[in-house]
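Participant: Starting from the known structure of chain R, arrange chain C on it as the hints suggest.
2 protein chains.
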Amino acid sequence: MKIVIIGSGNVAYHFAKAFLQNGIAVAQLFGRNTTELEKISQELNIPYSTKKIEIADLYFICVNDASIQEISTIIPTENCLVAHTSGAISINNLIGNYRKAVVYPLQTFSKTKKLVYSEIPFFIDTEEDKDRETLVNLLQKISRKIGFAKDITRKHIHLTAVFACNFTNHLFARAKEIADKHAIPFDYFLPLIDETVQKIHHLEPKLAQTGPAIRNDNSVLEEHRKLLKDSEQLLIYDTLNQSIKKMYEL
Amino acid sequence: MKIVIIGSGNVAYHFAKAFLQNGIAVAQLFGRNTTELEKISQELNIPYSTKKIEIADLYFICVNDASIQEISTIIPTENCLVAHTSGAISINNLIGNYRKAVVYPLQTFSKTKKLVYSEIPFFIDTEEDKDRETLVNLLQKISRKIGFAKDITRKHIHLTAVFACNFTNHLFARAKEIADKHAIPFDYFLPLIDETVQKIHHLEPKLAQTGPAIRNDNSVLEEHRKLLKDSEQLLIYDTLNQSIKKMYEL
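Protein sequence lines, in the order shown, are assigned to chains R and C. At position 138 of the first sequence the residue is numbered 126 (our numbering), and the sequence of numbers has no breaks. At position 48 of the second sequence the residue is numbered 36 (our numbering), and the sequence of numbers has no breaks.
For reference, chain R alone in the conformation it holds in the complex (with noise of 0.2 Å):
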């Protein structure tokens, strides 16, 4: 099966990636950012193009959302599969007469790290039955996770991701910026960060949760509330003590 991977960004690095350390070959990368597609190319031993995209049986489109569908459209035939690796956009969003699919990783991918990709559910769409066979049998070679999704579960499984890791990523970022101010070093949080992610591994996260909210502490949420100078974390606070007090009826 000849494999053509689209994009240069993190997802297609870690796409083309995992299928190499399994021994799968990708025939081509290809896109539009010639320094990225050179970088990959090189250090993955994989051919490139900006101009001309092969022929092939299963292409994957790693690009942003908001190029999709236009993407879908350069397929170069009809006799193939085409699969989109986004957790928000519909398979509808694929443009062409060639069968088509989602393969969703939920993993968030940057360049520099090292990942376990046995370790990440991918999660997978089909329009017929037999392309189903065809990206299980694939996607075992990479990961022990493999779950199937469609449209609306995917979305689903997509914004829960967006609530558990790219909002808390961003609780990281307004608590850096307490600490960075008061000049306490962000490096002491990080344990105590690590535990609040073990624990969650074998507790509940709603039996887990601590803190002056779920103690209804009103006089340390009162005093918090006069340390914060900054309008964004003040709402962020207020909107998440709430939450908190509802989610326990307190």
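I should point out that these hints are in silico values taken from the structure, not numbers from a laboratory. Keep in mind that a hint or two might mislead.
Put simply, identical chains are the same to the list, so a pair is met inside one copy or across any two.
[Unchecked claim] Computed cross-link-like contacts, DSS-like style, restricted to lysine-lysine with a CA-CA straight-line distance of at most 25 Å:
hint: 1; residue 1: K133; residue 2: K27
hint: 2; residue 1: K138; residue 2: K217
hint: 3; residue 1: K234; residue 2: K214
hint: 4; residue 1: K118; residue 2: K217
hint: 5; residue 1: K102; residue 2: K194
Facilitator: Just chain C now, kept in the frame of chain R:
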């Protein structure tokens, strides 16, 4: 030096255990909850009482913030050092003619979870310099991360921890709520959560941000808003996305 620990909760338990593991004797556990004191006493082989608190050189008050002031009045001697262990409470909430201190461990504790005490930062405050030395010498046997923080700094450390730890856990709880509603196993998200936290060990959180808000992808944001039927989830979603956009001036 004779040490007494007051309280029978998670903090009292881990203080006692950390001392024990590092060859520091604890003379007595004192508190009101016989069941809990009995348990800790048996596990760690430390005598306890609910009636008569022993004369000692050093007392650690490990009780709820709201009870610290009241408990601080029962210390049976003036020739001693008394430390409370709260991040949010002033050293001045200790009421008595003894020497006063705070020893604030920056960690989230639960009795069932083993901790690596050597990695936990302890922030010390004392009225008198000689007590500072005493506490540093003692706590250095437990942890390699000893810091100093007066009331106002300690309160900011606690506030930062609320953002980085309490709020983060609440986001996990809200994320699980969404996943549960759509029959998506929350376990799928653990590698993503782990990676989110791993990243900020070597990358500033502000530089690690991903997701639709920082891409200013308003079509995904709007679609997510339509998926969210719960008003608390929606309020969190809007507040945090707005905060992300403001931080990056989008």
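Participant: The structure should be examined with respect to each hint, and the outcome stated for every one.
Facilitator: Against the structure, the hints come out as follows:
1. K133 <-> K27: For K133 and K27, the Cα distance exceeds 25 Å both inside one copy (29 Å) and across copies (41 Å).
2. K138 <-> K217: Classified as between: cross-chain Cα gap 20 Å, same-chain 45 Å, threshold 25 Å.
3. K234 <-> K214: Both, since 22 Å and 22 Å are each at most 25 Å.
4. K118 <-> K217: Cα proximity of K118 and K217: none, with 58 Å in one copy and 35 Å across.
5. K102 <-> K194: between (31 Å within a copy, 20 Å between copies)
The structure is inconsistent with the numbered hints 1 and 4, although it conforms to all the rest.
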